Amino acid sequence: MRGTGARGRIFRKYAAVLILLVGGVLLLSSLVNLYFSYRQTKAALIRLERAQALAAASRIEQFVTGIERQVRAAMEVPFSDAAMAREQREIDFLRLLRDVPAITEIVQLDAAGKVQLLVSRFAPNEIGSQRDLSRDARFMKTRIGRTYFGPMHFRNESEPYLSIAVPWGEGAPEVAAVEVNLKAIGHVISQIQVGITGYAYVIDQHGLLVAHPDMSFVLQKRDLSGLPQIRAARAAPAGHDVVTETAGLQGGRVLTSHTAIERLGWLVFAEQPLAEVFAPLQGAIVLSAIFFVIGLGLSVLASVVLARRMVAPIRVLQQGAAKIGAGELGHRIDVRTGDELQALGEEFNRTAAHLEESYANLEQRVEVRTRELADANAGLKALSDVGQAVSSSLDLEKVLNTIAARAAQLSASTWGLIYEYDETKQEFHLRGSDHLDEELGEVIRAAPIRLGEGVAGKAAAIRAPCKLRTSWMSGRTTSRGFGRSLNGAGFGRCWQSRSSSSSGSSGLSWFVGKSRGALPRRS
Amino acid sequence: MLNDARAANHPAVEGLKAGLRDLGFEEGRDVVFDVKLTDGSPERMLAAAGALVKAGVEVIFTSSEAPTRAAKAATQTIPIVFTLVGDPVAAGIAKSLAQPAGNLTGVSSLTTELVPKRLEALKTLAPRLRRVWAIYHGADPAPGEAMTRALEASSRFGIEIVPQSVLTPDELKQVLDRLRPDDGLLVPDIATMDISAVLLETSLAHRVPAVFSSELWVSHGGLVSYGADYRAQGVQAARLVGKILHGARPRDLPVEGADRVVLAVNLKTAASFGLTPPRTLLFRADVIRR
Numbered sequence: 015m016r017g018t019g020a021r022g023r024i025f026r027k028y029a030a031v032l033i034l035l036v037g038g039v040l041l042l043s044s045l046v047n048l049y050f051s052y053r054q055t056k057a058a059l060i061r062l063e064r065a066q067a068l069a070a071a072s073r074i075e076q077f078v079t080g081i082e083r084q085v086r087a088a089m090e091v092p093f094s095d096a097a098m099a100r101e102q103r104e105i106d107f108l109r110l111l112r113d114v115p116a117i118t119e120i121v122q123l124d125a126a127g128k129v130q131l132l133v134s135r136f137a138p139n140e141i142g143s144q145r146d147l148s149r150d151a152r153f154m155k156t157r158i159g160r161t162y163f164g165p166m167h168f169r170n171e172s173e174p175y176l177s178i179a180v181p182w183g184e185g186a187p188e189v190a191a192v193e194v195n196l197k198a199i200g201h202v203i204s205q206i207q208v209g210i211t212g213y214a215y216v217i218d219q220h221g222l223l224v225a226h227p228d229m230s231f232v233l234q235k236r237d238l239s240g241l242p243q244i245r246a247a248r249a250a251p252a253g254h255d256v257v258t259e260t261a262g263l264q265g266g267r268v269l270t271s272h273t274a275i276e277r278l279g280w281l282v283f284a285e286q287p288l289a290e291v292f293a294p295l296q297g298a299i300v301l302s303a304i305f306f307v308i309g310l311g312l313s314v315l316a317s318v319v320l321a322r323r324m325v326a327p328i329r330v331l332q333q334g335a336a337k338i339g340a341g342e343l344g345h346r347i348d349v350r351t352g353d354e355l356q357a358l359g360e361e362f363n364r365t366a367a368h369l370e371e372s373y374a375n376l377e378q379r380v381e382v383r384t385r386e387l388a389d390a391n392a393g394l395k396a397l398s399d400v401g402q403a404v405s406s407s408l409d410l411e412k413v414l415n416t417i418a419a420r421a422a423q424l425s426a427s428t429w430g431l432i433y434e435y436d437e438t439k440q441e442f443h444l445r446g447s448d449h450l451d452e453e454l455g456e457v458i459r460a461a462p463i464r465l466g467e468g469v470a471g472k473a474a475a476i477r478a479p480c481k482l483r484t485s486w487m488s489g490r491t492t493s494r495g496f497g498r499s500l501n502g503a504g505f506g507r508c509w510q511s512r513s514s515s516s517s518g519s520s521g522l523s524w525f526v527g528k529s530r531g532a533l534p535r536r537s
Numbered sequence: 089m090l091n092d093a094r095a096a097n098h099p100a101v102e103g104l105k106a107g108l109r110d111l112g113f114e115e116g117r118d119v120v121f122d123v124k125l126t127d128g129s130p131e132r133m134l135a136a137a138g139a140l141v142k143a144g145v146e147v148i149f150t151s152s153e154a155p156t157r158a159a160k161a162a163t164q165t166i167p168i169v170f171t172l173v174g175d176p177v178a179a180g181i182a183k184s185l186a187q188p189a190g191n192l193t194g195v196s197s198l199t200t201e202l203v204p205k206r207l208e209a210l211k212t213l214a215p216r217l218r219r220v221w222a223i224y225h226g227a228d229p230a231p232g233e234a235m236t237r238a239l240e241a242s243s244r245f246g247i248e249i250v251p252q253s254v255l256t257p258d259e260l261k262q263v264l265d266r267l268r269p270d271d272g273l274l275v276p277d278i279a280t281m282d283i284s285a286v287l288l289e290t291s292l293a294h295r296v297p298a299v300f301s302s303e304l305w306v307s308h309g310g311l312v313s314y315g316a317d318y319r320a321q322g323v324q325a326a327r328l329v330g331k332i333l334h335g336a337r338p339r340d341l342p343v344e345g346a347d348r349v350v351l352a353v354n355l356k357t358a359a360s361f362g363l364t365p366p367r368t369l370l371f372r373a374d375v376i377r378r
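In the order they appear, the protein sequences are chains B and U. For the record, in the first sequence the residue sitting at position 48 is 62 according to our numbering, with numbers rising by one throughout. For the record, in the second sequence the residue sitting at position 161 is 249 according to our numbering, with numbers rising by one throughout.
It should be emphasised that the hints constitute simulated quantities derived from the structure, not laboratory data. Fair warning: this is a prediction, and the values are worked out from it, not measured in the lab.
If you want the ones that stay clear, here's a sample from chain U, every Cβ over 10 angstroms from chain B, calculated:
hint	residue
1	Glu115
2	Val123
3	Glu289
4	Arg378
Listed below are the simulated EDC-like cross-link pairs for lysine to aspartate or glutamate, each with C-alpha atoms no more than 16 angstroms apart in a straight line:
hint	chain 1	residue 1	chain 2	residue 2
5	B	Lys235	U	Asp340
6	U	Lys183	B	Glu171
7	B	Lys337	B	Asp348
8	U	Lys331	B	Asp228
9	B	Lys337	B	Glu370
10	B	Lys337	B	Glu360
11	U	Lys160	U	Glu146
12	B	Lys439	B	Glu467
13	B	Lys56	B	Glu290
14	B	Lys235	B	Glu171
15	B	Lys197	U	Asp347
16	B	Lys197	B	Glu171
Using N, Cα and C, we set each Cβ at its ideal position, and we do this for glycine too.
Input sequences plus hints: build the corresponding full structure.
Here it is as structure tokens:
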């Protein structure tokens, strides 16, 4: 379970890193893309908005200039006769009222500022009333010979009006002044559409609303001088554009551009809900989202595949190491990735091979040692048996027989013989035996072994074990033949032995042999 | 709709319907009109206003002063949009034009303000005029301001203004019997007791120059009229009604002045009266009936 958990962790790590990388890059690129799109769209909209503000301003200027021109035209009278000129002028003034619904009143002042002619929609007309308007701004402000645009004022506390006074005549001593209902400018403004729901509006130099597509706003005499976009626009130096993102006239966040109408001292604002800036981006946002989701999906897939590829060999390594660790030294790790992982696997394999080898040597050595230990144990046991036999009986033959038996047993032989050496005769006489068959016993007893003769004699002479090489070994030789070869001339090989398998000094010699199979192996 | 007219096709109502149509309100789909005609009877006016309130209408549209008063008396919550009201502030209908307050807003017909212009038109058309009778219904509270203005302007035109309130048709008849040559009539902008219709009849029957406040009368033979166009007021009011239907509060909608002031002259009537309209008047006239 721990292994799976670890594997899960590394998998998750790899997958998370890959997803984070790919997903992060995708997200970042989408965001950067969107941000620049937003900037571009916004810049384009601001350009459009400014263009709309300029269009509105130029329309208003055209409107005002048109009135100015028409007023001049109405003053133009081709007659020199005063009465005819007056009548003609009255007709022209009336025509002006009929042609320009926005004009509600037109008054002609003479060089002294006295009313010569007044035609109005609301007030009774005045013909040569000589009413003194010389202290009126319309008269005074035109003394410099330039058209005067009065401040916005409200008639009946409600309808917004603008006075336009046009100086006229040689040296511009006379004045023709009109009252213009600003509802008309509201109409001009309402034709300007900014974006989808945006609009333009106009404020005067005091921050009062002059024109708005919704006439009610103007009639409410709204003072907008406190609005941030208007403060910013009024604070900006002339000709400098200010674009603001603030709360709009009707709530909500808006993007506002403005332009000035220098002649009137008015400011035209084009305002558009900020939400509209985002509208064209919606497609881009959706597209980015789709790309992001697809990219993320692909990155998840790729990360899973890649992480699996990375984790699989590690898993093989881990399992292989676990097997080797569990003692399965023959196990070999098979990783073919051609990289460090494969090298690691091979290193594991080499280590396992070394371990296996050294284990094998160890086992062999342990086997040898164990055998040696067993031999030593058997020798000790034999000695102890002999000791027991000696101590338990005074019968020499029985003791010798026991010794023969233990000797045969120790040398893993079939039988054993003990001879007594007669130094005077230089002969060996059989005194004890073990498992000696009768026939062989007779042969051996009949012919004592002489020192230096036969295998036994040779062995006694050189005091070393001898090996008898006869075909008897294969079982075809008779006991008699064997006895002869033991005693008489035979072939054999003798060698010095570390262990004392014969005891010349004691005068006793012993022999062991196998009736079947090979002679006891000499270690 | 609360109206003091006799017919449902009152120009203001027609104007409202047309205006709402232009604003995208389809009759039957978006708006339903419930027109109450009251024949100029004050009692029926109040009853009709109550009925409209009970019916739970969204907006009450009124034309002329009496229905507006009746509607105002009937409800303080349902928005009321008025038209054909000569001076809403003087009549106590609106607190001020910019901030009407309460549940009323509408279009001021400027009738009161235009009284001197009306006298001017009458005098221009009939220069021999010496005396002008300003007849109004005694129960109407509004004419006070109009009379003041008429009296102020009278000296300028060299005429004498005779303000005369009447309460019954008999009284009216008695007043009309006192008309002399070179007298004129300043016809009020109200329908109570059908004073305007009676004055029109008298004017035509006895060749008494009369000035009306609406082109409507000129089309029925009246000599001359100067005043805000009824239909245009209806169209103008439609914008206010539209805003209210979209959730605006009447108190946020300033009273608007009538956009279109019309000078109408009936040349046929002028000819029958033996009058020759001067060039300047004809030049100024928006409507000329031949």
